[in-house]
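Chemist: As a plain string of letters, each chain reads:
There are 2 protein chains.
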Amino acid sequence: MALIVQKFGGTSVANTERIFNVADIVTKTAAAGNQVVVVVSAQGDTTDDFIEKAGEITDRAPAREMDVLLSAGEQISMALLAMAIDKLGFHATSLTGWQAGIQTDLSYGAARIRKIEPRRIRSLLERKRIVIVAGFQGLNSHDSITTLGRGGSDTTAVAIAAALGADLCQIYTDVDGVYTADPRVVPGAKKLDEITYDEMLELATLGAQVLHNRSVEMAKKYNIDLEVISSLTRNPGTKVKEVTSVEKMMISGVACDKDVARIAVMGIPDEPGKAFRLFSLLSAHNINIDIILQSIGRDNTRDISFTVARGQLDETVKLIEENKERLHFTEWSSEAAIAKLSIVGAGMTSTPGVAAKMFEALSDAQVNIRMISTSEIKISVLINEEDAQRAMRAVHDKFFG
Amino acid sequence: MALIVQKFGGTSVANTERIFNVADIVTKTAAAGNQVVVVVSAQGDTTDDFIEKAGEITDRAPAREMDVLLSAGEQISMALLAMAIDKLGFHATSLTGWQAGIQTDLSYGAARIRKIEPRRIRSLLERKRIVIVAGFQGLNSHDSITTLGRGGSDTTAVAIAAALGADLCQIYTDVDGVYTADPRVVPGAKKLDEITYDEMLELATLGAQVLHNRSVEMAKKYNIDLEVISSLTRNPGTKVKEVTSVEKMMISGVACDKDVARIAVMGIPDEPGKAFRLFSLLSAHNINIDIILQSIGRDNTRDISFTVARGQLDETVKLIEENKERLHFTEWSSEAAIAKLSIVGAGMTSTPGVAAKMFEALSDAQVNIRMISTSEIKISVLINEEDAQRAMRAVHDKFFG
Numbered sequence: 005m006a007l008i009v010q011k012f013g014g015t016s017v018a019n020t021e022r023i024f025n026v027a028d029i030v031t032k033t034a035a036a037g038n039q040v041v042v043v044v045s046a047q048g049d050t051t052d053d054f055i056e057k058a059g060e061i062t063d064r065a066p067a068r069e070m071d072v073l074l075s076a077g078e079q080i081s082m083a084l085l086a087m088a089i090d091k092l093g094f095h096a097t098s099l100t101g102w103q104a105g106i107q108t109d110l111s112y113g114a115a116r117i118r119k120i121e122p123r124r125i126r127s128l129l130e131r132k133r134i135v136i137v138a139g140f141q142g143l144n145s146h147d148s149i150t151t152l153g154r155g156g157s158d159t160t161a162v163a164i165a166a167a168l169g170a171d172l173c174q175i176y177t178d179v180d181g182v183y184t185a186d187p188r189v190v191p192g193a194k195k196l197d198e199i200t201y202d203e204m205l206e207l208a209t210l211g212a213q214v215l216h217n218r219s220v221e222m223a224k225k226y227n228i229d230l231e232v233i234s235s236l237t238r239n240p241g242t243k244v245k246e247v248t249s250v251e252k253m254m255i256s257g258v259a260c261d262k263d264v265a266r267i268a269v270m271g272i273p274d275e276p277g278k279a280f281r282l283f284s285l286l287s288a289h290n291i292n293i294d295i296i297l298q299s300i301g302r303d304n305t306r307d308i309s310f311t312v313a314r315g316q317l318d319e320t321v322k323l324i325e326e327n328k329e330r331l332h333f334t335e336w337s338s339e340a341a342i343a344k345l346s347i348v349g350a351g352m353t354s355t356p357g358v359a360a361k362m363f364e365a366l367s368d369a370q371v372n373i374r375m376i377s378t379s380e381i382k383i384s385v386l387i388n389e390e391d392a393q394r395a396m397r398a399v400h401d402k403f404f405g
Numbered sequence: 005m006a007l008i009v010q011k012f013g014g015t016s017v018a019n020t021e022r023i024f025n026v027a028d029i030v031t032k033t034a035a036a037g038n039q040v041v042v043v044v045s046a047q048g049d050t051t052d053d054f055i056e057k058a059g060e061i062t063d064r065a066p067a068r069e070m071d072v073l074l075s076a077g078e079q080i081s082m083a084l085l086a087m088a089i090d091k092l093g094f095h096a097t098s099l100t101g102w103q104a105g106i107q108t109d110l111s112y113g114a115a116r117i118r119k120i121e122p123r124r125i126r127s128l129l130e131r132k133r134i135v136i137v138a139g140f141q142g143l144n145s146h147d148s149i150t151t152l153g154r155g156g157s158d159t160t161a162v163a164i165a166a167a168l169g170a171d172l173c174q175i176y177t178d179v180d181g182v183y184t185a186d187p188r189v190v191p192g193a194k195k196l197d198e199i200t201y202d203e204m205l206e207l208a209t210l211g212a213q214v215l216h217n218r219s220v221e222m223a224k225k226y227n228i229d230l231e232v233i234s235s236l237t238r239n240p241g242t243k244v245k246e247v248t249s250v251e252k253m254m255i256s257g258v259a260c261d262k263d264v265a266r267i268a269v270m271g272i273p274d275e276p277g278k279a280f281r282l283f284s285l286l287s288a289h290n291i292n293i294d295i296i297l298q299s300i301g302r303d304n305t306r307d308i309s310f311t312v313a314r315g316q317l318d319e320t321v322k323l324i325e326e327n328k329e330r331l332h333f334t335e336w337s338s339e340a341a342i343a344k345l346s347i348v349g350a351g352m353t354s355t356p357g358v359a360a361k362m363f364e365a366l367s368d369a370q371v372n373i374r375m376i377s378t379s380e381i382k383i384s385v386l387i388n389e390e391d392a393q394r395a396m397r398a399v400h401d402k403f404f405g
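Chain order of the listed sequences is A and B. The working numbering applies: residue 5 is where the first sequence begins, and numbers increase by one. The working numbering applies: residue 5 is where the second sequence begins, and numbers increase by one.
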């Protein structure tokens, strides 16, 4: 007998048929002798409908009340799922975030889980119930409802798995698992059987939307065995764990992020603190910087290039323009039509020549590299957006073809 | 400065425009220097939508999970109302049933409020907030969500008014107040300025759907000044209180209930316990008896006539047939096409001739009276259903014309 946490996203519970599909998965797991805790998101478009309703009333809804509204979504789906499980002859009890003991910090809309008090879940499991918990929500120390923001339900599932010491946390979704590249772009992409937390983190950051960063970080911290699996095909998915047991592949995936814009600020005096001044200005305005590259310019000056999310480009440029005097640069340029192509792999630390192999593939495909950035298990290059698909296929072929 | 509880039903918050209408009423009350607690129902058809969703999954939803589902309805409307109030420049905080301290007994679907712990509401009022509370819901001693069943939001409002010692509890609805008769049937019906709890109770029982019995009973018990008022016209409504201050009208209203069927059981031996045997049988099957009339039949036997809700007629007849031997009667008959016409008035206790006046009106209108039943402040007659409208107008004209 194992204790398994199963998380189902909004598309998995979008309608009656899908809800019964989930109930079937859950009850089969229970019938096999396991204790099961289910974490559900709101049904399909419920959250969007709520946001639209709120938008009809105000374009500046108080964050606390927005969370009250949104959290009703999981309350609906968890009750419906409990009914479906009951219909199949099993006993289920649904719990809201606060009933499940999920305590968060005070920030609305993107609260962080502070602690889970799993007494009630445990007591229900001991009484042979299937426990359904509302994902995405918790309660803060003022006894007000909070929501966890993007990836919230995944985070709820992993946090509950950690609090209960679960044997496995399965994240059911509408894809089969984690692929070596986006199968819609790279036809030869292969599903990975296993991947390490670190690799998954890099892939998540790079725009592979299978799992959210926060949940992977938490899984890594508490060493929770994760599995990404399709609720539709139910084929074995991808396991995410500390160390993968199969012979290490050099790289585990190729990812491409098009939500990128590049800015170059040139002619900054080569004096201590100048770069700091630029980035602290941007940080004060909540602009997230990704890749940074500093090169030596002419006449004892430096050029700094960096990337931001494309939606923040205009604001960034405006800030730089407005602070031209303070920042002491001579000119700037920006570019939106670029993409960031990355390869990720825990194996690359012990394998020389991975970068060279990637650059060779890009060169053969006549893709121009604009910037390069590396971490221990990742190599990213900035390329023109129009080259993105071709580059992705070429790099994927080189490593997996 | 007064402390006022205002309750708004589902039609009053059905869409964005209506929500802003409610926000306008609430904020004007607050701007006049009052402390305001608002109790809201779920929006328009939300509850029906939820019931339909559950019905797609199962025709026997677990009662606990049905309450989890339904209670999401008020959570949606209370958040939207809080946003609208915020948009108008006032501060509002919404509370679910459990956050508002509403503790109920253990029955799902029709829970009764056991206690209200109003600490949090008070603390918010002290901090100059408008407090919005989800109607219809509470929390039981197992920390599970319950709903209060029909008339639940009215009951929530009155219970909160009692717990806070509020100066007034206003029940906003889509009618102007309590009328001397249903204005759709009797064109000359007049709105009452005041009515006593007892009169309101009789009228509510008789099918005037303005206020639910439970809320009136509670208002009477705790002596809460109630006001039934329209959220659309905002004209002064009807005040419900212990003693009305205007010169007492003889009767306060005429009501007609068509959800009635009559059954006669004849030839029951005139021995002790025979009638008891009949009614204990029906009671054991949850059949509610309204009017009972016993008359002496032939040969030392008795005939017993009584009324039940029309939907329970078939079951009642079946039970009587099946138990013919045990009950020792000779024959039975039943009739569905009848109606119960009632006049209600605290004044009739001190005014002789009220019944005679009613019977005169019916006689003049050539309406045949089938059965008569009286209480301290009510006279009910059973008539043919086809006579109902004519009878109602005739009686109303006699007293109010």
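Hints are supplied without guarantee of correctness; some may be wrong.
If several chains are the same, the list does not tell them apart, and a pair holds so long as it fits within one copy or across any two.
Simulated pairs of lysine-lysine, DSS-like, Cα-Cα distance not exceeding 25 Å [to be verified]:
no.	residue 1	residue 2
1	K402	K361
2	K402	K132
3	K262	K245
4	K32	K57
5	K57	K91
6	K278	K322
7	K278	K224
8	K119	K245
9	K361	K278
10	K57	K225
11	K225	K361
12	K132	K225
In case anyone wonders, no lab produced these hints; they're calculated from the structure.
Chemist: Which numbered conditions among the earlier hints are violated in the structure presented, ordered from lowest to highest?
Modeler: 2, 3, 7, 9, 10, 11 and 12
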